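Chemist: Kindly produce the complete structure, drawing on both the sequences and the hints.
If you read the sequence shown in the numbering used here, its first letter stands for residue 1, the second for the next number, and so on.
You may find that some hints are simply not true.
What the hints assert, rightly or not - With a straight-line Cα cutoff of 27 Å, these simulated BS3-like cross-link-like pairs (lysine-lysine) come out:
#1 94 - 179
#2 116 - 219
#3 129 - 201
#4 219 - 201
#5 133 - 121
#6 35 - 121
#7 116 - 133
#8 129 - 116
Said to hold, decoys possible - Derived Cβ-Cβ restraints for the label pairs, each shown as a range:
#9 140 - 312: 44 to 52 Å
#10 312 - 205: 49 to 57 Å
#11 112 - 337: 32 to 40 Å
#12 215 - 31: 40 to 48 Å
#13 34 - 207: 38 to 46 Å
#14 308 - 215: 21 to 29 Å
#15 246 - 98: 20 to 28 Å
#16 215 - 187: 29 to 37 Å
#17 312 - 34: 53 to 61 Å
#18 246 - 56: 47 to 55 Å
#19 66 - 201: 23 to 31 Å
In case anyone wonders, no lab produced these hints; they're calculated from the structure. Please read these numbers as outputs of a predicted model, since none were measured by experiment. Ideal placement from N, C-alpha and C gives every residue a C-beta, glycine not left out.
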Amino acid sequence: MRFFILLFLFPALAFAQVKISGRIINSIDNKPIEKASIFLANATVGNSSNNEGNFTLFNVKPGQYEVVVSVLGFEAHHMMVMVNNADINLYDIKLIPKSIALKEVSVTPDNKWFEKYRLFKYEFLGPSKLAAKCKILNPEVLSLQYEEGNKNVLTGSSDEFLQIENQELGYRIKYLLSKFIRNGKTGLVYYEGSPLFEEMKGKPSKIKKWKKKRLEVYKGSGMHFLRSVLASRLAEEGFEVRRLIRPTDSAKRTMFGNVQMLVKTPLTVNDFTRLTDQHGLYALAFDNHLYVIYTKRRVRYNFRPVYMPKDAPDYATSIIGFEDKYGFFDSNGVIVNPAGVIFEGTWAGQRMAEMLPIDYVPTEK
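Modeler: Pasting the structure below:
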């Protein structure tokens with residue numbers, strides 16, 4: 001993949017909305033599959049197939065999406081699609097039937113299940129006030145277990161959708177959990193899956209409250225930051241980015257200890273962002289850590305320690321570290337290789353309870 005300096009950026013994030021269509025069929029006999037659920041992961045766009053297997057997803061904003069197809073009796077189908085400004089036809093999507101096998105029924109009660117579920121819920125929903133108002137309606141679909149021989153590592157997944165109700169943001173979420181890992185020794189938490197957001201119905205006063213709370217969650221978030229990068233509005237939106245230097249090898253760490261140096265001179269967008277040769281895909285690229293300060297909000301979380309100079313204001317601060325050479329993101333402000341970057345600070349504390357759909361559009365009204 002080729003990269004280019006970001007010499008000009010979008011003055012505003014205004015794009016046409018397109019359609020994605022296709023047909024769902026059985027991979028064995030090519031017969032159409034009716035009532036399959038087709039949706040864009042992390043978004044509010046979804047539909048079902050008709051009796052001929054056809055479907056259409058409407059009002060899709062440009063960006064990179066994971067299209068998910070799920071129906072009882074078949075393996076879930078996942079595919080990545082880059083949406084620009086033209087309608088997309090996926091043609092035939094072939095689903096593989098699941099092999100029929102009876103689930104093993106355990107007659108021995110799992111006395112540790114509630115303990116494992118408590119840990120999962122805390123890490124998955126988060127420790128914030130919003131998380132306290134967020135409910136998992138069907139926890140019984142979860143499979144949770146400690147790694148063999150290591151009680152520090154809790155893993156999990158679900159064969160069915162987790163049903164989540166976020167009363168503070170006004171979303172019902174169906175979440176197909178592919179992987180969950182919590183390492184109690186290192187503090188690392190990682191989960192991946194395919195959520196579908198549905199806006200809850202309510203009285204006008206309730207809807208107004210939800211919109212206000214969504215905007216509050218959006219401001220200062222990673223999505224807000226990346227969209228501000230693309231719009232060339234970092235300072236206007238309240239962001240300041242600096243270079244954070246940390247020793248990277250064991251010899252330096254032995255010599256200098258856990259020394260960190262924050263460079264006071266702010267970075268420009270072109271210092272850490274690149275265009276790629278794929279339309280609608282961009283890259284974060286930096287040889288140190290990115291230290292992101294949001295000056296329009298004071299620190300919200302103190303459970304994830306983050307380096308701050310003693311004389312620094314207590315603004316919400318996040319650190320971006322790179323596991324891969326690049327952190328790719330799309331025009332929706334979404335990291336498309338999440339395992340390639342690590343967040344610390346404020347963004348690390350924003351979990352499922354603070355999650356907004358990637359097609360969220362902020363409004364001040």
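Chemist: None of the hints should be skipped; say for each whether it holds.
Modeler: Hints, one by one, checked against the model:
A hinted pair counts as satisfied when its Cα atoms are at most 27 Å apart, and residue 94 with residue 179 qualifies at roughly 24 Å. Straight-line distance between C-alpha atoms of residue 116 and residue 219 comes to about 33 Å, which puts the hinted pair past the 27 Å bound. A hinted pair counts as satisfied when its Cα atoms are at most 27 Å apart, and residue 129 with residue 201 qualifies at roughly 22 Å. Restraint check for residue 219 and residue 201: satisfied, since their Cα atoms lie roughly 24 Å apart, inside the 27 Å limit.
For the hint pairing residue 133 with residue 121, the CA-to-CA distance comes to about 12 Å; that is within 27 Å, so the pair holds. Proposed proximity of residue 35 and residue 121 is contradicted: the alpha carbons are some 31 Å apart, above 27 Å. A C-alpha spacing of about 20 Å is found between residue 116 and residue 133, which places the hinted pair at or below 27 Å, so the restraint holds. Only pairs whose Cα atoms come within 27 Å are accepted, and residue 129 paired with residue 116 is accepted, the gap being roughly 21 Å.
Between residue 140 and residue 312 the C-beta distance comes to about 46 Å, which sits within the given range of 44 to 52 Å. Separated by about 39 Å at the C-beta atoms, residue 312 and residue 205 break the suggested range of 49 to 57 Å. For the pair residue 112 and residue 337, the beta carbons lie near 34 Å from each other, so the given range of 32 to 40 Å is met. Residue 215 and residue 31 have their C-beta atoms about 46 Å apart, which keeps the hinted 40 to 48 Å range intact.
Against the hinted window of 38 to 46 Å, the Cβ-Cβ separation of residue 34 and residue 207 comes to about 33 Å, which falls outside the hint. With their beta carbons about 26 Å apart, residue 308 and residue 215 fall inside the hinted range of 21 to 29 Å. At roughly 47 Å, the beta-carbon separation of residue 246 and residue 98 lies outside the given 20 to 28 Å, and the hint is violated. Judged by the Cβ atoms, the range 29 to 37 Å given for residue 215 and residue 187 holds: they are separated by roughly 30 Å.
For residue 312 paired with residue 34, a C-beta distance near 59 Å keeps the hint of 53 to 61 Å intact. The supplied range of 47 to 55 Å is met by residue 246 and residue 56, whose beta-carbon atoms lie about 49 Å from each other. At about 27 Å, the CB distance of residue 66 to residue 201 agrees with the hint of 23 to 31 Å.
Of the hints listed earlier, those the structure fails to meet are numbers 2, 6, 10, 13, 15, in rising order.
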